[in-house]
Amino acid sequence: MYLSRTVIKFGGESGQGINTVGRMLTQSLNRLGLFTFSNREYPSLIKGGVASYQVDVRDKEIYASGKKTNILCTLSEKALHTYIYDLLENGIIIHDGNEIELNQDEEIFVQKNNIQIIYLDSVKVALEAGGIEIMANVVLLGYIWKILKQDVNILIEEVLELLEGKKIDIEAEKACIVAGYSHPSYRNTLGEDIELPSKSLQRKLLMTGNEAVALGALAGGVRAYYGYPMTPATSIQKFLGETADETKILVKQAENEITAALMALGSMYMGTRVLVATSGGGFDLMTETLSCAGISETPLVIVLAQRIGAGTGVPTWTGSGDISVATKGGHGDYPRCVISISDINSAFELTQKAFNIADKYQLPVIILTEKQIAESIYSTSSLPPIQKVDRGLSTGEFRYQITESGISPRWMPTKGLKPYISTSDEHTENGHSTDVADEVKEMSEKRARKMQTLEQEIPEPILFGSENAEAIFIGSGSTKNAVLDAQSTGENIAYLSYEYILPLKTGTLLKLAEKGKRMILIENNQTGQLGNLIREKCSYEFKEKLLKYDGRPFFVDDILDYLNK
Amino acid sequence: MALELKDYNSTTLPTWCPGCGNFAIHTALKKALIELNIEPSEALISFDIGCNGNGADTVGTYAFKGLHGRSIAVASGVHLANRKFTVIADIGDGGCFHEGLDHLVNAIKSNYDITILIHNNQNFALTTGQATVTTPKGKKMYAQPHGSPERNLDVDSFILNLHPTFFAKAYSGDPLQLTEIIKKGIQHKGCSVINISQSCPTYNREMTPQWFKENIIKLDTLPEYSSNSMEAAKELLETANKTKKIYTGIIFQDTTIPTFYDNLHSRKGIISELAEEVKEYNIKELLKYTNS
Chain W
1 MYLSRTVIKF GGESGQGINT VGRMLTQSLN RLGLFTFSNR EYPSLIKGGV
51 ASYQVDVRDK EIYASGKKTN ILCTLSEKAL HTYIYDLLEN GIIIHDGNEI
101 ELNQDEEIFV QKNNIQIIYL DSVKVALEAG GIEIMANVVL LGYIWKILKQ
151 DVNILIEEVL ELLEGKKIDI EAEKACIVAG YSHPSYRNTL GEDIELPSKS
201 LQRKLLMTGN EAVALGALAG GVRAYYGYPM TPATSIQKFL GETADETKIL
251 VKQAENEITA ALMALGSMYM GTRVLVATSG GGFDLMTETL SCAGISETPL
301 VIVLAQRIGA GTGVPTWTGS GDISVATKGG HGDYPRCVIS ISDINSAFEL
351 TQKAFNIADK YQLPVIILTE KQIAESIYST SSLPPIQKVD RGLSTGEFRY
401 QITESGISPR WMPTKGLKPY ISTSDEHTEN GHSTDVADEV KEMSEKRARK
451 MQTLEQEIPE PILFGSENAE AIFIGSGSTK NAVLDAQSTG ENIAYLSYEY
501 ILPLKTGTLL KLAEKGKRMI LIENNQTGQL GNLIREKCSY EFKEKLLKYD
551 GRPFFVDDIL DYLNK
Chain Z
1 MALELKDYNS TTLPTWCPGC GNFAIHTALK KALIELNIEP SEALISFDIG
51 CNGNGADTVG TYAFKGLHGR SIAVASGVHL ANRKFTVIAD IGDGGCFHEG
101 LDHLVNAIKS NYDITILIHN NQNFALTTGQ ATVTTPKGKK MYAQPHGSPE
151 RNLDVDSFIL NLHPTFFAKA YSGDPLQLTE IIKKGIQHKG CSVINISQSC
201 PTYNREMTPQ WFKENIIKLD TLPEYSSNSM EAAKELLETA NKTKKIYTGI
251 IFQDTTIPTF YDNLHSRKGI ISELAEEVKE YNIKELLKYT NS
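So the protein sequences, as listed, match chains W and Z.
According to our numbering, the residues represented by the first sequence are 1 to 565, in order.
According to our numbering, the residues represented by the second sequence are 1 to 292, in order.
In case anyone wonders, no lab produced these hints; they're calculated from the structure.
Note that this is a predicted model, so its numbers are computed, not measured.
A couple of the hints might just be wrong.
[Unchecked claim] If you want the footprint, here are the derived chain W segments under chain Z, 3+ residues with CB under 8 angstroms:
no.: 1; stretch: 22-33
no.: 2; stretch: 243-253
no.: 3; stretch: 267-274
Virtual Cβ for every residue (Gly too), placed ideally from N, Cα, C.
Chain W extracted, bound-state conformation (with noise of 0.2 angstroms):
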């Protein structure tokens, strides 16, 4: 079996509904209580071009996914021609349409990993069974459901349940799931070699990471978001405007990125808690608040959703190469927290967490995530448990007293308490303007000391494995889950996890140096932004780097290819 997993592929154009079909296919193997990891490729472009759904499917959770494919069942020629080669030895390509001509390297192929390929006119079926044409991608789920030999009544249930309070006849969408279920194509020798594990027919929870960071922020109290569309960021926008009427929140969406933060950075000051989603660019435009923030000592939470490239870059696809900003962006000397999730567990906890670090340390708090997990499918059994909400609320005698621990009183606005000015000035005790010598001396060191007072509260990253593996991977983000997918099929290799990038701990990292062992830096982006940090922090510098930028997450392929090599 390909890596313990079994891999379904849908590829079409933007717009020809590959994301419902994947999503249907998701849900109804997680009907049969099996773990699902889905990702979605897909061009900046509303319509056409090359999109793919692909939904990996395991006994136990999975998190990243494997390059190759059992099934790819395409829409249209050129998905046919794009992912032909990501075939595993006896795949199956279901063609909706007409047949087409494979080139010669196609043909070999083919031939040489006993390839088959059925040409299975969709809509036709469809019509012919009474359906309509967009039933088309249900006549798709049936045949592909028949190639996993499971039972087509589960199938049936689960569509009828999604396709629920929509208007759809009932009778009609039964009968294509069942034409292409039964469609006189199929033959026994497909799929011979696939074999779905055990089911234990317990649901589980499916959700993209976005969703999960806007479950966090909403279990967290966070009653207000704040944002401007970018991808990848912007489905967080999306749920939490979705869902507002039943969470009672406020979501406004501003007319830019400055506005957003700004407009948060009010919002906190008051005492709510607010988020704040934006990529790339749209967080360079939120750094003189940032900075802002950071003087103010105003809590501030911003998710930062990742893509690869400077500028536009890549505008969908995925990377991890703004560490370095997330954790330097801003002028002036300031403390700060950042923060790194890697999956939907994560994201949950770490989001509510970040809002308690922003109010108890009166900073901002950068979180990172990347499209890699912002947009893809995660099944779990259950969502770590809610944190409880800690503001470090306190009244006192100046706003920004001077403190051993840094950390200076603050009350929420409110109408009897003593009034008091947050300002972007440096400032003395009382927050009046200064420029006196000594006085912006001290107020700049009581801030630093913030970062050494957070330092000793928050963990040491995280080591999934054993300190005996042969190697060890040093990463953050969705690095993780390629890493650990690698290890549970068998590979005597271990990871260590850096939620929190800033402040940053290196204690568990260099014990482990010290051992001798195989240390490989592993990054979704072109310069090792993480190693640069660790180098920084304890002059430590990796020997082995495995850097990734071409917009592609890590593949459990790639990792294992690395060690084999």
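Given the coordinates of chain W, assemble chain Z onto it according to the supplied hints.
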């Protein structure tokens, strides 16, 4: 106990030039708050960077001094978090029409319930006298020995054409009228924009108190003028342009447009403020909306 001016002052003294219009504008604002019985702990002033922002230390209300051109954006966020507060955005003509014009336009569009005081002294004063969009063309300004090469724009017509729900003009040399206008602006439910002609004895010497006296026409003296009519307001500004006069008073007011918050479906019928609602929330019921 009756509120007094000193309740709205801090112990820090202003640093403005003698004769600066900011003295009167700040005093008028504090007087307006007193007369409306708004306590210092019920008001927040969001400050711009510039000469007006240098007054931030002198107030005894809650205050936020943020970034240049951005006081309106901060004020919007403050207002949405707690509508019990009276929120004032102080901003200069440089910050308002250059660095942060987007915030003015969108605050008017959203109709947040805030009051924007534009300290319009027709230049960037704190950086020692650069031209703004309100500086007359040809006037010699910082680094422009041959005068500003750009024309100035009619900012009043610009604002009016955005259909603000409250738009007034005032003059720093008439603090009594200014106080009344600020009071009306605060009382107006929606985004109130007050463009205040502010004397600047250092970088705008041409516009002396005498000059203002000769060129200002108070709308009180035009009893037939109605601030409810957009047509009349446009006509008034046209006349002002032709005759080179400044009309002060409420130029236009529309009380029929709801605020952003009042239009929010998700907040209908909710009495509490966002600032009062931070706690742990159970998200179990929301799980059905994931992977949508």
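Quick rundown of the hints versus the structure:
Only residues whose beta carbon comes within less than 8 angstroms of a beta carbon in chain Z count, and the stretch 22-33 of chain W has 3; three or more means the coverage holds. Closer than 8 angstroms: that is the beta-carbon criterion, and the stretch 243-253 of chain W has 10 residues meeting it against chain Z, so the requirement of 3 holds. With a threshold of 8 angstroms between beta carbons, the proposed coverage of the stretch 267-274 of chain W by chain Z holds, since 8 of its residues qualify and at least three are required.
The earlier numbered hints are all upheld by this structure, with none contradicted.
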